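Protein sequences, first through last, are from chains A and B.
If you count the first sequence from 1, you need to add 62 to reach the numbering used here.
If you count the second sequence from 1, you need to add 12 to reach the numbering used here.
Please keep in mind that the hints were generated in silico from the structure rather than gathered at the bench.
In this text the structure is predicted, and so the values were computed from the model without any measurement.
We put the beta carbon where it would ideally sit given N, CA and C, even for glycine.
Please note that the accuracy of each hint is not assured.
Label-pair restraints from in silico Cβ distances [unchecked claim]: (1) Ala158(A) / Val42(B): 15 to 23 Å; (2) Val116(B) / Pro415(A): 44 to 52 Å; (3) Ala194(A) / Ala53(B): 52 to 60 Å; (4) Gly151(A) / Leu66(B): 30 to 38 Å; (5) Asp152(B) / Arg364(A): 18 to 26 Å; (6) Glu381(A) / Leu66(B): 30 to 38 Å; (7) Ile294(B) / Ala150(A): 35 to 43 Å; (8) Asp152(B) / Gly431(A): 43 to 51 Å; (9) Ala366(A) / Asp152(B): 37 to 45 Å; (10) Gly151(A) / Asp152(B): 44 to 52 Å; (11) Leu66(B) / Gly477(A): 26 to 34 Å; (12) Gln301(A) / Leu27(B): 36 to 44 Å.
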Amino acid sequence: MIRSRVRTAGALALATVATLLLPACGAGSRTPQATAAQVPCEFPAPPQPVSVNVLAYNSSAVDPFTNTMVKSCTKNGLTVNHEPIDFAGQVQKTTATLAGPTGTYDILENYGFVVPTQAADGKIRPLDDLVAKYGAQYGLDQISPAMRKVMTYDGKLYALPMQAQMYVMAYRKDVFDQLGLKPPTTFAELRDVAGKIQAAGQIKYPIALPLLASSDIITAYDSALGSLGVDFVDAQTKQPNFDEPQAAQAFEELRSLLPFMDPQVATFDQPAVQQQMYNGSAAISIMFSGRMSDLTQAKNNRFAQQTAFAAPPSVAGGEALYNTLSVDGWSIPANTKADPELLFNLIAASVGPESSKAAVPAAYPAREGSVTADSSPYAAAALESIGKAPAAEPYPWTSRISNEIRPVVADVILGKTPIAEGQAKMQQLANGVLAQYP
Amino acid sequence: MRRREFLGFVTPSVLVMAGLLVLPLYQTIVWSLQRVNYGEAGEYVGFANYATALADPRFGQAVLFTVQLTVVVVIALIIFGYLLAVLVNSLGRSKPFVLGVLLVSYVVPHVVGGAMFSWLFNSNFGGVLNYAISSVLGTDILWFADAWPNRVMVALNTLWFMIPFAMLVILAGLQSVPEEILEAARIDGAPTWRVHWHVIIPSVRGVLGFVAIISIMDVLRTFDQLVALSPQAVQLGNESVMLYVFNVAFQDGGQQLGLGSAVNVLLIAIIAVMLYPFIRGIAREARHA
């Protein structure tokens, strides 16, 4: 009797153990391949050994530049330190390191969205004098003027462009061919194509967009608004444009895609969208170009051979595409105690011709001519996309307004708030931010 | 014990407590009355941060969600922790092995455990449980986009990683129940459930109270697992108080340290209110001891 009870208790305990361990099933990891080129990195040896701390998030597009810097410039008594970190971590640490009179990091990976805000607050150092001094040595005249403009605030360059990302559309060519479809060039065509794929019955939700409510959704709205030819703020009058008809149209167009997307789309970031393409549960996705390399690799994507690429559609047939140009680059914090000339040699070396060449196809380097139509399966699409991207808004209020209005944008796209009410809220929030920039 | 010896033993603890508890608490209260950015001196704003938080419907919803989650999870923790402890207590030689394995979910970092747990329900990553439940019910459940399924998932995950703690503490309590009392109850013919209800549970009441206190404090500070399990938390009304602090005060390099501090002070008040009945019970027992 007692033995039977013990046996029963043991079975129950083991069942509980199995339940507790079940979530570990399916766990996996994917480590990005280290892509480090050895490039010339010339600087006078410092009198004392020096350590330089680099803050840069890990991604297949940024890693080649960071790894090149660490590998090529750790010499002559200089140690370049870089710890792995994700993008959200980088954002937090950037705020913290720039806050006080001294910081933890000497070189920051930065992006055009926040450069004007940091520059206006005097948190990062202008680089024009250093570009003038070392430009010829590192061939910096080959860095794209358009990308330099994104990193420029009040006429001064605050980050040396490294690489850019723009939206690219990936689609399943086999599905399109089977149904006699062509890559859509407008949202109307996108709805039409998605409807036909849905009707064919193979793929329930053909469109996959990163619309994560806590981050990506604001980029999507910005891209739609930009494609309709409207900025968040009229830079001349400093008036928000959320009361314009295009602000409502952007919402309507994005909402019109919902029937063709997974009902949980507002929980999907870019890796989740990639996963939908890997699984074959989506036939069309629009993401930043830095995510496309993964789609072309058979080890990730069993549909790699059937995946083709095109520029994203425009929202309503205009010249500007549903797109956002995001430029990454290197900045030097104003509070670093390290020699700015030494630091500039490091960042200039990392965006040199060799490292830029080695970064292709994972990245779209800022150095002109690095990417040609033959560079990768999606290079032609990226080239077309970057040429038709809406202009950036390099103003200190842009990132702050984006953060403020993001929950409202999510509520409107998810149908929790009517469009007109959402527009009014966004206009009010944006005016609140702009009031701090007299 | 001499006065010098007493001071020698007590002083290090007092210094550590003052440095790690009192000073941060003092600074939090000071910042809650200021507008503060990283690396800059604060500017006194009175109770403006408290007014901002209390006027925000999102804060009210975050408090409601957090308190509901705490009540449900703590009750479940005590019930299932007790049952599990009884099961483990009745094991023979396999007890150390089972105990070791049971503790795995407790030591896994919450955000990692949350990510693994989310894959069980995410069809994009296999979603074993989602597949099984959908097959049985014949309908798709939106675990991440519908409020109540998402709450169930969050509660199950919280239970999953906290139950080993509850089980371990209650197990220690069970082992301290005198065998003679149990033997007497059985000789008197009491069935098993009455032995538990009238003999064992009253004997381990203090232990159950301790589990409740620690669990209430832990669940009220729910944060990490929501990052993976509730990416749409704000829209679903499934934002915990700590996630609200992060989203409002720190997300995307935000610098509202004053507002974040005010919400933390309010959270301390909520914790104190929820712990009051348990602390009063313990104090009463201590007086009667």
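How the hints compare with the structure:
no.: 1; hint: Ala158(A) / Val42(B): 15 to 23 Å; in the structure: 20 Å, holds
no.: 2; hint: Val116(B) / Pro415(A): 44 to 52 Å; in the structure: 51 Å, holds
no.: 3; hint: Ala194(A) / Ala53(B): 52 to 60 Å; in the structure: 37 Å, violated
no.: 4; hint: Gly151(A) / Leu66(B): 30 to 38 Å; in the structure: 31 Å, holds
no.: 5; hint: Asp152(B) / Arg364(A): 18 to 26 Å; in the structure: 24 Å, holds
no.: 6; hint: Glu381(A) / Leu66(B): 30 to 38 Å; in the structure: 49 Å, violated
no.: 7; hint: Ile294(B) / Ala150(A): 35 to 43 Å; in the structure: 41 Å, holds
no.: 8; hint: Asp152(B) / Gly431(A): 43 to 51 Å; in the structure: 49 Å, holds
no.: 9; hint: Ala366(A) / Asp152(B): 37 to 45 Å; in the structure: 28 Å, violated
no.: 10; hint: Gly151(A) / Asp152(B): 44 to 52 Å; in the structure: 34 Å, violated
no.: 11; hint: Leu66(B) / Gly477(A): 26 to 34 Å; in the structure: 28 Å, holds
no.: 12; hint: Gln301(A) / Leu27(B): 36 to 44 Å; in the structure: 57 Å, violated
Figure legend: structure checked against the earlier numbered hints; hints not met, in rising order: 3, 6, 9, 10 and 12.
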